[in-house]
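A.B. asks: Residue-level listing of the chains:
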Amino acid sequence: MSSINGSNIKKVVVACDAGMGSSVLLTSQLANTLQPYGVTVVHAAVGRIPADADLVLCHSVLASRARAARPGTVVVEFEMFLGDPAFARVEQAVKNGEAIGD
Amino acid sequence: MTTPTPPPTSANPTRLQRSRAAVQRFGGHLSGMVMPNIGAFIAWGLITALFIPDGWFPNETMHRLVEPMLGTLLPLLIGYTGGRLVYDQRGAVVGAIATTGVVVGSEVPMFLGAMIIGPLAAYLMKLVDQALLPRVRTGFEMLYNNFSAGILGGTMAGFGLYAVGPLVQGLTRVLGAGVQTLIDWSLLPLVSLIVEPAKVLFLNNAINHGVFGPLGAARVSETGQAIEFLIETNPGPGLGVLLAVMLFGPKVSRATAPGAIVIQFLGGIHEIYFPYILAQPKLIIAAIAGGVTGVTTFMVLGAGLVSTPSPGSIIALMAVTPRGGHLSVLAGVLAATAVSFITASLLLGFGRGERAREKTQYQNPEAQS
Chain U
0 MSSINGSNIK KVVVACDAGM GSSVLLTSQL ANTLQPYGVT VVHAAVGRIP
50 ADADLVLCHS VLASRARAAR PGTVVVEFEM FLGDPAFARV EQAVKNGEAI
100 GD
Chain F
0 MTTPTPPPTS ANPTRLQRSR AAVQRFGGHL SGMVMPNIGA FIAWGLITAL
50 FIPDGWFPNE TMHRLVEPML GTLLPLLIGY TGGRLVYDQR GAVVGAIATT
100 GVVVGSEVPM FLGAMIIGPL AAYLMKLVDQ ALLPRVRTGF EMLYNNFSAG
150 ILGGTMAGFG LYAVGPLVQG LTRVLGAGVQ TLIDWSLLPL VSLIVEPAKV
200 LFLNNAINHG VFGPLGAARV SETGQAIEFL IETNPGPGLG VLLAVMLFGP
250 KVSRATAPGA IVIQFLGGIH EIYFPYILAQ PKLIIAAIAG GVTGVTTFMV
300 LGAGLVSTPS PGSIIALMAV TPRGGHLSVL AGVLAATAVS FITASLLLGF
350 GRGERAREKT QYQNPEAQS
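Chains as they are written, first to last, in numbering that gives the first Met the number 0: chain U, 0 to 101; chain F, 0 to 368.
Derived by calculation from the structure, the hints in this document are not laboratory data.
As the structure is a prediction and not an experimental result, all values here were calculated from the model.
Note that the Cβ used here is the ideal one computed from N, Cα and C, for glycine as well.
A partial selection of chain F residues facing chain U, derived with a Cβ cut-off under 7 Å:
# : residue
1 : Gln16
2 : Gly27
3 : Thr255
4 : Ala259
Generate the whole structure from the sequences, applying the supplied hints.
C.D. replies: So this is what it looks like as structure tokens:
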């Protein structure tokens, strides 16, 4: 189980199968909430997650691929593309500098 | 997690999850070669819909773009991208050279051939570099780099021309004949039994771009339109499920479904409805019923598209529908939506169960999930 302190998160990667559809949608939403804290949010295909990712957000059905691609990086899973508590959890961790794990 | 049925965590994957990830990964390679190039597919689709003799503005000069784009440009882009995925720019170059080999002399659009030989050539380049690069003397790197890529790429182009091309052409023909048999026997709707569940497991891109794309391109080059492009991309089944969830689903889902409908039906991002089905797997029956209805309607009315509508938005579908085909495409989408909606509403008991649960939760907040 990996874990990271919210204040050390500089780059969040939203991953989806192709890195072009749903991840782009979530990236634009998440960037709005996280940019004020100096966090960049980018999207990527789940097999090509950038090496400097501090935290990966990814649907639970794809999460095992994200973990295989970037072992040791925190992968936060979500179930729903809209209104999932995972997004609030990440925002909370970044805002308050709290630890967040898989 | 507050979803009704949290899946087992993927930190300790089961055997099923591992094989699912393997299939996803393979599919990801296929769609990863196609999806970055969708812009070219759209350009080709629009030019075809507008300027062919049966199009909106028949134009002999513009019409000359259609064949080279489908037969040459699109396979080359796929082979180039496939090579780049394996071995960056160097892999992309040898991938493109090798793809020329399968393109030349082929009578079907060589999407499958490009998906095979592009990455293969790049992989061989990688192996050759690993073996030879350490032995290259200082100052000779550029000479080595250029000539090794040129020689290997040229060789692979010949290999593609003589071996891979004819093989894949035969394979594409057999698969196309298989689809035609399904159409002739009116069995094509049954593919929805596989397609709809596979979509929800995030294999949507793999199925559309890896399977139906090449088959559809082969049919388009012969008959001008292809039903293959409509099977996975029909937004109807997902829309029906989302509408039912919006009216009769759990409270959380009811709140998010309207936004999801816009993103799915107009934006074309089908992924957005998958979680609603994953949370209540019985809803897959509704998606399948909608899919079967849609394909049946398309088949009976002779609907087809000229190119892959990507993303699967109703706007994209309409844009690549050949002139005169819009009503039959719309009919299939609407029929799929209606059947999927009715089935999903029945499965959700028209919200009776949810209303009862919310009532008990209201009276006894401790009983929550």
